[in-house]
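Chemist: As a plain string of letters, each chain reads:
There are 2 protein chains.
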Amino acid sequence: MKFVRHAVCIDCGQTVAARPEITTCPACGGLLDIIYDYEAIKRSLSRRVLAARPEPTMWRYAELLPVETETAARMAAEGLRVGNSPLYPAPNLAAETGIRTLYIKDDGQNPTASLKDRASAMAVAKALEAGRNVIACSSTGNAASSLAGNCARAGMETYIFVPERAPKGKVAQLLIFGAHVFSVQGDYGATFRLSAAAIKKYGWYNRNAAINPYLLEGKKTAALEIAEQLDWQVPDYLALSVGDGCTIAGVWKGFCDLYHAGLIDRLPRLLSVQAAGCCPIHNALRSGGPLQPMAENTLADSIAVGMPRNPKKALRAIRESNGVAVEVSDDEILAAMRLLGKSCGVFAEPAAATALAGLVRARKENRIPAACSVVCLISGNGLKDVANGIRAAGEPRLVAPSPEEFTL
Amino acid sequence: MKFVRHAVCIDCGQTVAARPEITTCPACGGLLDIIYDYEAIKRSLSRRVLAARPEPTMWRYAELLPVETETAARMAAEGLRVGNSPLYPAPNLAAETGIRTLYIKDDGQNPTASLKDRASAMAVAKALEAGRNVIACSSTGNAASSLAGNCARAGMETYIFVPERAPKGKVAQLLIFGAHVFSVQGDYGATFRLSAAAIKKYGWYNRNAAINPYLLEGKKTAALEIAEQLDWQVPDYLALSVGDGCTIAGVWKGFCDLYHAGLIDRLPRLLSVQAAGCCPIHNALRSGGPLQPMAENTLADSIAVGMPRNPKKALRAIRESNGVAVEVSDDEILAAMRLLGKSCGVFAEPAAATALAGLVRARKENRIPAACSVVCLISGNGLKDVANGIRAAGEPRLVAPSPEEFTL
Chain A
10 MKFVRHAVCI DCGQTVAARP EITTCPACGG LLDIIYDYEA IKRSLSRRVL
60 AARPEPTMWR YAELLPVETE TAARMAAEGL RVGNSPLYPA PNLAAETGIR
110 TLYIKDDGQN PTASLKDRAS AMAVAKALEA GRNVIACSST GNAASSLAGN
160 CARAGMETYI FVPERAPKGK VAQLLIFGAH VFSVQGDYGA TFRLSAAAIK
210 KYGWYNRNAA INPYLLEGKK TAALEIAEQL DWQVPDYLAL SVGDGCTIAG
260 VWKGFCDLYH AGLIDRLPRL LSVQAAGCCP IHNALRSGGP LQPMAENTLA
310 DSIAVGMPRN PKKALRAIRE SNGVAVEVSD DEILAAMRLL GKSCGVFAEP
360 AAATALAGLV RARKENRIPA ACSVVCLISG NGLKDVANGI RAAGEPRLVA
410 PSPEEFTL
Chain B
10 MKFVRHAVCI DCGQTVAARP EITTCPACGG LLDIIYDYEA IKRSLSRRVL
60 AARPEPTMWR YAELLPVETE TAARMAAEGL RVGNSPLYPA PNLAAETGIR
110 TLYIKDDGQN PTASLKDRAS AMAVAKALEA GRNVIACSST GNAASSLAGN
160 CARAGMETYI FVPERAPKGK VAQLLIFGAH VFSVQGDYGA TFRLSAAAIK
210 KYGWYNRNAA INPYLLEGKK TAALEIAEQL DWQVPDYLAL SVGDGCTIAG
260 VWKGFCDLYH AGLIDRLPRL LSVQAAGCCP IHNALRSGGP LQPMAENTLA
310 DSIAVGMPRN PKKALRAIRE SNGVAVEVSD DEILAAMRLL GKSCGVFAEP
360 AAATALAGLV RARKENRIPA ACSVVCLISG NGLKDVANGI RAAGEPRLVA
410 PSPEEFTL
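Residue numbers (the numbering used here), protein chains in the order written: chain A, 10 to 417; chain B, 10 to 417.
There's no promise every hint is true.
Copies of one chain are not kept apart here, so a pair can be met inside one copy or by any two copies together.
[What the hints assert, rightly or not] Here are the simulated lysine-lysine pairs, DSBU-like style, with alpha carbons at most 35 Å apart:
id, residue 1, residue 2
1, Lys-351, Lys-262
2, Lys-210, Lys-351
3, Lys-351, Lys-209
4, Lys-209, Lys-177
5, Lys-177, Lys-373
6, Lys-209, Lys-51
7, Lys-51, Lys-262
8, Lys-351, Lys-177
9, Lys-373, Lys-209
10, Lys-11, Lys-262
11, Lys-51, Lys-351
12, Lys-51, Lys-210
13, Lys-51, Lys-373
14, Lys-11, Lys-210
The set of hints was computed from the structure by calculation and includes no laboratory data. Here the structure is a predicted model, which is why all the values come from computation and not from measurement.
Go ahead and model the full structure; you've got the sequences and the hints to work with.
Modeler: Below is the structure:
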C-alpha cells in the first residue's frame, strides 16, 4: 500500500502498522484511523488524472484507499460493480424545501441496494490481502446482505448470525447469496456475542464496521464521488442519517482526505439526522458526556441503534465539521419518502429518507440558510422495506370497471 | 431525428412518418418497425466514437435511437440514470452450467430495478417531443413502476390502472412515485379496457410496449450495451425470458441495428425461455399457426402472459436468429435464483432467473453446445418479489445463543 503510512489510535495516538487484520489499538483498545502520505498522493493524483480514468467503481480512487494496487484492480475486474451511484440535481425538491441548490446521491443503486456495499467490498478486498476466504458478521440488515452478495461474487464463504426475529425478506436475501445463516434464539446482544465467539473459534475474517478501520475507508468513497461528480465544488452541507455513526464518520473522512490531498479547497458542514425515537449520538453531542443507551423507537430500522458500538468517530466528525444535528419523527420520515419519490423518482428506505426529513426540518427551524447548496445522501433502496413503503404511500383509488362511469 | 427514415408496417409494408404519437399502421393496424438510415449512421458513429463518449446511460447511443439530439441530451442530463447496467463475467457459473464462456447482464440494476426503465425512459422522451406531460398505462408490474419513477423524475404526471388483486408492494412503489393509481374492481382485461377508454377520453400519452414502436427501441439499448461491453465480440447465444415478447423483440432489433450500422459483423442466436406453465409464444412457434391463449400457471409473474398482445415481433426474432426455445418449470426457476445468487451475488426476480434456468436446461438437453459463449439477460431485481425469494432460499439454521454449544 504505497500511499498508506500507518494507522493511528484516536484515543492514545499510538501508531500501528496497517496490516490487513488490524482492528483496534493494541495499547489501549481505542479505534484506529488510517493515515495516508498525502504529499505522495498529491504527486500521483490530480483532478485531471481522475477525469481521464475510465474505471466506473469505487476502485477508481485506488490511491486514496487502503489496498494494494493489484487488489483494487482485481476488485474492479472481478467484484460486483460497487459505487459510482448517481448524483441527481433536484431543482424541484430544492424549491419545495426552500434550498438554493440540492442534489440527491442515490446510493440505493448499489448492487445489493445500499451504501453498505462500499464497506463490504472493502472487507472482501482486505480478506483477499489477508489470505482469508471466509468472512463473518452479525447483523440483520444491509451490512449482512451486502457482505453476502459481495462474497458470493468473490467466491468467498460467509457466516452470518441473525437474531430469530430478523425479517424474513432479509434472511431470504442472505440465503439466496449462499451465506451460511444462523438464526440465533435470542436478541441482538446474544447474537453478537455468539458471532464473536464463533469468529474467534474458527478464525474467520471479521466484518465489523464499528471496529475494523478499513470498512470506514470503503464508506468514504461516497464522499469522493460526490466531490468528483460536483466537479470538485464542495457543497455547503451534506445531509445524512445516523445510526451507528460509521457512515457519517466515513463520509467525513473522505472529505478530509480529499482536502489533505489537495483535491478540494474547503470542507462541507455535516447535517446529521437521527430519528427522534433513537438519537443517542445527538444526546451525547449536546451533553458532552459519554453516550447513554436509548430505546429503539423508530420504524427506520437501519438507524435504530440504541447503543452504537462506537460513537466517537461520529461525534468527532459532527464537531469538526461545525455540523448541525436534527431529529425527526417517524411521520416526518414517511412524508420524506413520499416527497423524494414524487419529486425525484427515487424510492428510499425509511432510514435513507431520514436524511431528507432532517433537511426539511432544518430549513423549517432555520438551522441552515436558504442560500446554500446541499447534498442529501440516500443510503438504501425502498424495495428493502416494502412494508413501510406501503405505510408511507397510502391507498389507491378504487374504481368500478366501467368506462362510462369513470371520471378523474 | 436525423437518422430515422420512417416506420414500416411489419404486415403490409406501408411506410409511415415517424411522428412522436404513432402507434400502429394506419392502413392495416399492423405493428410498426422504426427504420434508420444505416449508411448515415455509419458515417457518424463508429466503435471509436463511442469509446470516446463519456455519457453513462442508454442515451449514449443517440444516433441509434428514435429521438432528437436535444431530447437525448435532456434525458441524459435530467432523467433517471437508465442503462449501462453491469455485464459480469461468470466463470464459476459457466463451469457449473457446462458452458465455455458466460456473462450475466444485470438489468435489475436500473433505477426502478428492472429492464423496463429503458422503455419507460423512451416513453418520457417521446412524450416530451409530443408536447405531452401526462402518460398512462395499465399494468401491475415493472412497466408501471418504471413509468411512475421515470415520470416523477421528469416532472410528468402518470395515470396507472391496476387490477384490484395487484400486489400491495408494487402499488406502494407507484404511489411513492406520486402516480395517480386506480385500483379497478375486475381482472386485467377489464383494467386494460378501462385504461384504453380513459386514455382516449383524456388524451394522455399511451405507454403500451406491445403497440408503441418506440418503447421497443428503448429496450434494444440492452443489446447495444452488451455488444459494446464485450468490445463488439458478439456472443453465440443470448438467453432471455419471454412473456409478452417485447423484450426479446427489442433485444433482437438492437443487434440487427448494430449489424446494419456496421458496428458488429455477426448476429447472436436467441435462446428464448418461457415458463412451462405459460408458453403460448413457443407453442405458436412450433405449430406455425396463430397464437392460442394459455393459462398463466407460473410463479414468475412478470412473464405470466397467457395472451400476449402482440407476439409477431417476438416470433420473427426467434425465427430470424435461428433461435432455440426451451420451457422450464417453477422449480427450475427457483433453483436458478439460488444458483445465480450463490455463484454471482446477483439476486434476480423469478422471471429474470428464468433465463438462466433455460440455459441450464438447454445444456442438459444438449440443445446448445458446450463450446459457446452466452450472455444471460437478468431483467429484474429479486427485491421486487421477496415472497418468492423466500420460497427459493429455504430456511436458516436455528441455533441456541450459547457459544459453548455452537459448532458448524
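Chemist: What hint numbers does the structure not satisfy?
Modeler: As far as the earlier hints go, 6, 9, 11, 12 and 13 are violated by this structure, in ascending order.
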